[in-house]
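Peer 1: These protein sequence lines map, in sequence, to chains A and B. Plus 42 on top of the position in the first sequence (first one is 1) and you've got this note's numbering. Plus 90 on top of the position in the second sequence (first one is 1) and you've got this note's numbering.
Any given hint might turn out to be false.
One-sided and incomplete, this derived list gives chain A residues near chain B with beta-carbon spacing under 8 Å [unchecked claim]:
no., residue
1, Thr50
2, Ile74
3, Val175
Bear in mind the hints are in silico, worked out from the structure with no lab data behind them. Bear in mind that the values here come from a model prediction, so they are computed numbers and not experimental data. Just so it is clear, CB atoms sit at the ideal spot from N, CA and C, and this is done for glycine as well.
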Amino acid sequence: MIPLESLTSCFQGLLPSWLCTCSRDGIPNVAILSHVDYVDSKHVALSFQFFNKSKRNIAENPKAMVRLYDPDSMQAYALRLRFVRTETEGPIFDSMRLRIEAIASYSGLKGIFKLLGADIYEVLSVAAIEYEVGMPAASRAVRLKSPPETRLPFTLKALQEISDRIQQAPTLDSL
Amino acid sequence: MTGQPLISNDLKSFLESGLSINVASRDDELQANGVVAWAVRVHEDRNRLTIYLHKEAGRDMLRNLTTHPEIAVAFDLPTSHRACQIKGLFVSTRPARASERAEIERQVDRFFADMESIGIPRAMVSGLKTWPCVAIEFSTAQLFEQTPGPGAGEPLR
Numbered sequence: 043m044i045p046l047e048s049l050t051s052c053f054q055g056l057l058p059s060w061l062c063t064c065s066r067d068g069i070p071n072v073a074i075l076s077h078v079d080y081v082d083s084k085h086v087a088l089s090f091q092f093f094n095k096s097k098r099n100i101a102e103n104p105k106a107m108v109r110l111y112d113p114d115s116m117q118a119y120a121l122r123l124r125f126v127r128t129e130t131e132g133p134i135f136d137s138m139r140l141r142i143e144a145i146a147s148y149s150g151l152k153g154i155f156k157l158l159g160a161d162i163y164e165v166l167s168v169a170a171i172e173y174e175v176g177m178p179a180a181s182r183a184v185r186l187k188s189p190p191e192t193r194l195p196f197t198l199k200a201l202q203e204i205s206d207r208i209q210q211a212p213t214l215d216s217l
Numbered sequence: 091m092t093g094q095p096l097i098s099n100d101l102k103s104f105l106e107s108g109l110s111i112n113v114a115s116r117d118d119e120l121q122a123n124g125v126v127a128w129a130v131r132v133h134e135d136r137n138r139l140t141i142y143l144h145k146e147a148g149r150d151m152l153r154n155l156t157t158h159p160e161i162a163v164a165f166d167l168p169t170s171h172r173a174c175q176i177k178g179l180f181v182s183t184r185p186a187r188a189s190e191r192a193e194i195e196r197q198v199d200r201f202f203a204d205m206e207s208i209g210i211p212r213a214m215v216s217g218l219k220t221w222p223c224v225a226i227e228f229s230t231a232q233l234f235e236q237t238p239g240p241g242a243g244e245p246l247r
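Next comes chain A alone, as it looks inside the complex (with noise of 0.2 Å):
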């Protein structure tokens, strides 16, 4: 299985996610997701803001799969997940709300994003989605070896370069 450990990027709240559910009588239901969160080695947590037919269907069929993007590649995942409880209080809620407030402050969404609960959920599997590759291998390996300046602006790691130089610099006018 893929370490969810190296898909970091994921997590950032960047891209949304897709959360497909089923229903105890076999229903479907697709939905897009703000926030996935990792949580440790196996477990994950999905933002639970409404009380919608994707929490319904996990309350009677705890099986869930989710499609997240790496916002530096494209790249799209598949993770198998099954619900194991929600969290309403302590670091996970905590930390998980802050980000909700600010993706929905940059989605133009404040005010309609309120985190009821942190769903928490075992991974059972990682796989790379082979046909969901946004940006081709060969680009990628390109713009990592380009400059800095050349590169695409609307990166994860563009936006952590940028951070790092700020920090490192002893004044303004270095920069």
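Model the placement of chain B on the given structure of chain A, informed by the hints.
Peer 2: Chain B in isolation, oriented as in the chain A frame:
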């Protein structure tokens, strides 16, 4: 039953405008599976749709649909967050025709343009496989609002 079409003119225009399209089915163990679709065609009767998936995504879906015909398809426009979900029953499948390719690519192009406007450059999606496609026809049973807000999850009117 009045036979009223489920899909209005406005909804048809929205669905065929070039959107993020995600499809779900399930297996014998009630494990849901989801894949991306690239385009949709609303039939003249406004009660059936045909979605177009890359053949590998179609293979994943058809493995379930040929045994369990229940299908759910979500449509989303990233820039406006307007979204809906349509549930129904799988009817048939076939390879997408060469004559359909231009319309599929038009919808893909519009979707990529929408992504570009929110900061996802074309180069980031240039590796996505959008052809050849399989066409999956399904009959619609229920429509739901999925635009974030108080009405999310309600039947679409």
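Peer 1: Confirm or reject each hint.
Peer 2: A quick look at each hint next to the structure:
1. Thr50: Because about 18 Å separates Thr50 of chain A from the closest Cβ in chain B, which is outside the 8 Å limit, the hint is violated.
2. Ile74: OK, holds: Ile74 of chain A within 8 Å of chain B, min 6 Å.
3. Val175: Check passed: Cβ of Val175 of chain A comes within 4 Å of chain B, closer than 8 Å.
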